[in-house]
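> Residues per chain are reported as follows:
Number of protein chains: 2
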Amino acid sequence: MTQVETHNYPVERLTEFCVRVFQYYGVPADEAQQAAHVLALGDLRGIDSHGIARLQSYCSMLSAGRINPKPNITILRETASTATVDGDNGLGLVVGPKANRIAMDKADDVGTGWVAVHGSNHYGISGYYVLEALQREQIGLALTNSTRIVAPLWGAERMLGTNPIAIAFLGCDEPPIVIDMASSAAAFGKLEMAVRKNQPIPDGWAIDIDGISTNNPNGMIDGGAMLPLGSDRERGGHKGYCLGAMIDILCGPLSGANWGPFTHPFTLGHPEPARQVGIGLGHFFGAMRVDAFTDPDEFKRQVDDWIRTFRATKPAPGTNGPLIPGDPERIRSTKGIPLVQAVTDDLREISKQTGIAFD
Amino acid sequence: MTQVETHNYPVERLTEFCVRVFQYYGVPADEAQQAAHVLALGDLRGIDSHGIARLQSYCSMLSAGRINPKPNITILRETASTATVDGDNGLGLVVGPKANRIAMDKADDVGTGWVAVHGSNHYGISGYYVLEALQREQIGLALTNSTRIVAPLWGAERMLGTNPIAIAFLGCDEPPIVIDMASSAAAFGKLEMAVRKNQPIPDGWAIDIDGISTNNPNGMIDGGAMLPLGSDRERGGHKGYCLGAMIDILCGPLSGANWGPFTHPFTLGHPEPARQVGIGLGHFFGAMRVDAFTDPDEFKRQVDDWIRTFRATKPAPGTNGPLIPGDPERIRSTKGIPLVQAVTDDLREISKQTGIAFD
Numbered sequence: 061m062t063q064v065e066t067h068n069y070p071v072e073r074l075t076e077f078c079v080r081v082f083q084y085y086g087v088p089a090d091e092a093q094q095a096a097h098v099l100a101l102g103d104l105r106g107i108d109s110h111g112i113a114r115l116q117s118y119c120s121m122l123s124a125g126r127i128n129p130k131p132n133i134t135i136l137r138e139t140a141s142t143a144t145v146d147g148d149n150g151l152g153l154v155v156g157p158k159a160n161r162i163a164m165d166k167a168d169d170v171g172t173g174w175v176a177v178h179g180s181n182h183y184g185i186s187g188y189y190v191l192e193a194l195q196r197e198q199i200g201l202a203l204t205n206s207t208r209i210v211a212p213l214w215g216a217e218r219m220l221g222t223n224p225i226a227i228a229f230l231g232c233d234e235p236p237i238v239i240d241m242a243s244s245a246a247a248f249g250k251l252e253m254a255v256r257k258n259q260p261i262p263d264g265w266a267i268d269i270d271g272i273s274t275n276n277p278n279g280m281i282d283g284g285a286m287l288p289l290g291s292d293r294e295r296g297g298h299k300g301y302c303l304g305a306m307i308d309i310l311c312g313p314l315s316g317a318n319w320g321p322f323t324h325p326f327t328l329g330h331p332e333p334a335r336q337v338g339i340g341l342g343h344f345f346g347a348m349r350v351d352a353f354t355d356p357d358e359f360k361r362q363v364d365d366w367i368r369t370f371r372a373t374k375p376a377p378g379t380n381g382p383l384i385p386g387d388p389e390r391i392r393s394t395k396g397i398p399l400v401q402a403v404t405d406d407l408r409e410i411s412k413q414t415g416i417a418f419d
Numbered sequence: 061m062t063q064v065e066t067h068n069y070p071v072e073r074l075t076e077f078c079v080r081v082f083q084y085y086g087v088p089a090d091e092a093q094q095a096a097h098v099l100a101l102g103d104l105r106g107i108d109s110h111g112i113a114r115l116q117s118y119c120s121m122l123s124a125g126r127i128n129p130k131p132n133i134t135i136l137r138e139t140a141s142t143a144t145v146d147g148d149n150g151l152g153l154v155v156g157p158k159a160n161r162i163a164m165d166k167a168d169d170v171g172t173g174w175v176a177v178h179g180s181n182h183y184g185i186s187g188y189y190v191l192e193a194l195q196r197e198q199i200g201l202a203l204t205n206s207t208r209i210v211a212p213l214w215g216a217e218r219m220l221g222t223n224p225i226a227i228a229f230l231g232c233d234e235p236p237i238v239i240d241m242a243s244s245a246a247a248f249g250k251l252e253m254a255v256r257k258n259q260p261i262p263d264g265w266a267i268d269i270d271g272i273s274t275n276n277p278n279g280m281i282d283g284g285a286m287l288p289l290g291s292d293r294e295r296g297g298h299k300g301y302c303l304g305a306m307i308d309i310l311c312g313p314l315s316g317a318n319w320g321p322f323t324h325p326f327t328l329g330h331p332e333p334a335r336q337v338g339i340g341l342g343h344f345f346g347a348m349r350v351d352a353f354t355d356p357d358e359f360k361r362q363v364d365d366w367i368r369t370f371r372a373t374k375p376a377p378g379t380n381g382p383l384i385p386g387d388p389e390r391i392r393s394t395k396g397i398p399l400v401q402a403v404t405d406d407l408r409e410i411s412k413q414t415g416i417a418f419d
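One line per chain: the protein sequences are A and B, in this order. Numbering (this note's numbering) for the first sequence: 61 to 419. Numbering (this note's numbering) for the second sequence: 61 to 419.
There could be a bad hint or two in this list.
Copies of the same chain look alike in the list, so a pair counts if it works inside one copy or between any two.
[To be verified] Below, computed lysine to aspartate or glutamate pairings styled on EDC-like, alpha-carbon distance capped at 16 Å:
no.: 1; residue 1: 257; residue 2: 65
no.: 2; residue 1: 374; residue 2: 268
no.: 3; residue 1: 374; residue 2: 270
no.: 4; residue 1: 374; residue 2: 217
no.: 5; residue 1: 360; residue 2: 233
no.: 6; residue 1: 250; residue 2: 294
no.: 7; residue 1: 250; residue 2: 364
no.: 8; residue 1: 130; residue 2: 294
no.: 9; residue 1: 360; residue 2: 234
no.: 10; residue 1: 130; residue 2: 90
no.: 11; residue 1: 158; residue 2: 148
no.: 12; residue 1: 250; residue 2: 263
no.: 13; residue 1: 395; residue 2: 72
no.: 14; residue 1: 360; residue 2: 197
No wet-lab data here; the hints were simulated from the structure.
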């Protein structure tokens, strides 16, 4: 296995750099802080593809006037437990946290809050939003649609994003259960890694431009598509497709955002969709107060029991037994965030363009 | 392929038989009607394993005093948008619809309604509940946990049920999108069919008692387990496990029902769980008024557009292209419900025990 060389950077320094860069592009100070905080959490949780590595794509969109640095985020429609939010084409890293707070505030008032968002952009890791809810003893739910890259089962073209879903549950003595998963069989980042290493990909990840299952990662890159969770009919690929569809419809048609193959591109590199069916990118947030359903202490004890019970599962051969959702992403030591050369090159380029010192 | 012989029965006659049988076991007339209606819809939608084929298991539980025919279903805790319901060990086919109505009523009042249920039993097809919500122009969500049969990824024993999730969206001229799926890679019923036909099962469905992937369906039956959607690590088996876990925690720890390996058995044949961690079986229902988020007519037009767009996907070779979720379960012609011999044998046995004429 090729070991990719990395250099460690203190998270505080990376965060400060992001804040200043966002401000350079006209984002107000408090919102720049908010956006940088979401990115840093991506890195701290080891989801490097959704951390500071994405700064370049946000900058290019801001620089090209494709993202509004000073959005007027408004509620267009609401009930006691719901709202529909127009993100005014702001950074998803700013629109998302604000919409999520509206959901949590409504949960404080009437037990639960549910917020559909249009006119947004890429919102970082879904896990950020549900971790916020934990701090209020709420169960958070976060969904977003994203640029098309996944084929529906029996389809031969890209029609859905990797459309992730996140939800989290607070334990008492155990760390929280944090689910944050895409609805595709594999992450696109893993396929990109196979391209770079010139390695074949496993069955069930992707199809080529003719809709035929391929082990060649370039077959997917050259006009093919990723497959939904379950991969094929026999193994339940229709279920992964259903999951992606559910997320797409809650984030698109329900919010008034674009959906399916017409989803808003999150970076300049992507081709423009064939038509516009809504406004910007869409998200869907939920928040449920635990004490609206049960005694929170009892719930947390039950979650602890759940975690210990599942940790004690008889392990499959060659494994240490099941993980608990969230285990792989426990906060990294604060010793530093390991960045690969390609990312530090990007950051130095941003530094050159903006005049903000990086290192 | 072996063709299984079936006989057609008018749905009205099967429904009437169910009503009378439930009443024989002490279920009040209106609740017997409700329960029979849920079962009939299972058959009408072609989900035969969850239709009248299950009558035998409900009867055996009622007959043994393991299900309460006259439950006092109560709300234990509530907010404007939530409730926790105690099903008093009633039929899930009665408790589920009542709890679902509470969710829909709350949605009428404050935009959405969310109801966690404990003290219930098997509630039939999840699709029933979300179809009810469509009639009120709501988006319904239905989850239930169920008897353990699925291993978590890297586990070698049964820890979760096939824990299904259902959600539905109303179109305008197009039929609704109805998602109703288990979180396992394959349905247990399909594995049972392979046993009966003495055929191997595909990779990714099951493990044997040692936790090793098996193509022998009896390997799963004899102490093995089904696998979660995604099957193995490479293809995202951790995601299917996460989905099953999410459903289990919303239906168990949040409602106060049993969960995971301790889930309440739905029929007499299952061994008693090692310990009791809650009360009965659990469900979780959601209902969201479409007009709480957007103009319902616009939403329905968008759903139609979504359906037509996905139907027009370039087909994968050897297929007619993607289906829309719900396509496979469109209501059967009312010519009759095809029952296999084993089911009619069961019904005749019930007829003999109860003295209620079957045919």
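> Does each hint hold? Answer for all of them.
Quick rundown of the hints versus the structure:
1. For the homomeric pair residue 257 and residue 65, the shortest alpha-carbon distance inside one copy (14 Å) is at most 16 Å, but the shortest distance between copies (54 Å) is not.
2. Taking identical chains as interchangeable, the C-alpha atoms of residue 374 and residue 268 lie at most 16 Å apart only when they sit on different chains, with a minimum of 13 Å there against 39 Å within one chain.
3. Taking the closest pair of Cα atoms, residue 374 and residue 270 come within 16 Å of each other only across two copies (9 Å); inside a single copy the shortest separation is 42 Å, beyond that limit.
4. Taking the closest pair of Cα atoms, residue 374 and residue 217 come within 16 Å of each other only across two copies (6 Å); inside a single copy the shortest separation is 41 Å, beyond that limit.
5. In this assembly of identical chains, the alpha carbons of residue 360 and residue 233 lie at most 16 Å apart only when taken from the same copy (8 Å versus 46 Å across copies).
6. In this assembly of identical chains, the alpha carbons of residue 250 and residue 294 lie at most 16 Å apart only when taken from different copies (10 Å versus 24 Å within one copy).
7. In this homomeric assembly, residue 250 and residue 364 never come within 16 Å of each other (Cα to Cα): the closest approach is 32 Å inside a single copy and 34 Å across copies.
8. Proximity of residue 130 and residue 294 under a CA criterion of 16 Å is satisfied in neither setting, with 49 Å inside one chain copy and 42 Å between copies.
9. Taking the shortest alpha-carbon separations for residue 360 and residue 234, only the intra-copy value of 9 Å comes in at or below 16 Å, while the best inter-copy value is 44 Å.
10. With identical chains, the CA atoms of residue 130 and residue 90 are at most 16 Å apart within one copy only, with a shortest distance of 11 Å there and 58 Å across copies.
11. Taking the closest pair of Cα atoms, residue 158 and residue 148 come within 16 Å of each other only inside a single copy of the chain (12 Å); across copies the shortest separation is 41 Å, beyond that limit.
12. For the identical chains of this complex, residue 250 and residue 263 are intra-copy neighbours only, at 13 Å inside a copy versus 23 Å across copies, given an alpha-carbon limit of 16 Å.
13. With identical chains, the CA atoms of residue 395 and residue 72 are at most 16 Å apart within one copy only, with a shortest distance of 11 Å there and 69 Å across copies.
14. Taking identical chains as interchangeable, the C-alpha atoms of residue 360 and residue 197 lie at most 16 Å apart only when both belong to the same chain, with a minimum of 10 Å there against 35 Å between chains.
Checked against the numbered hints given earlier, this structure breaks hints 7 and 8; the rest are met.
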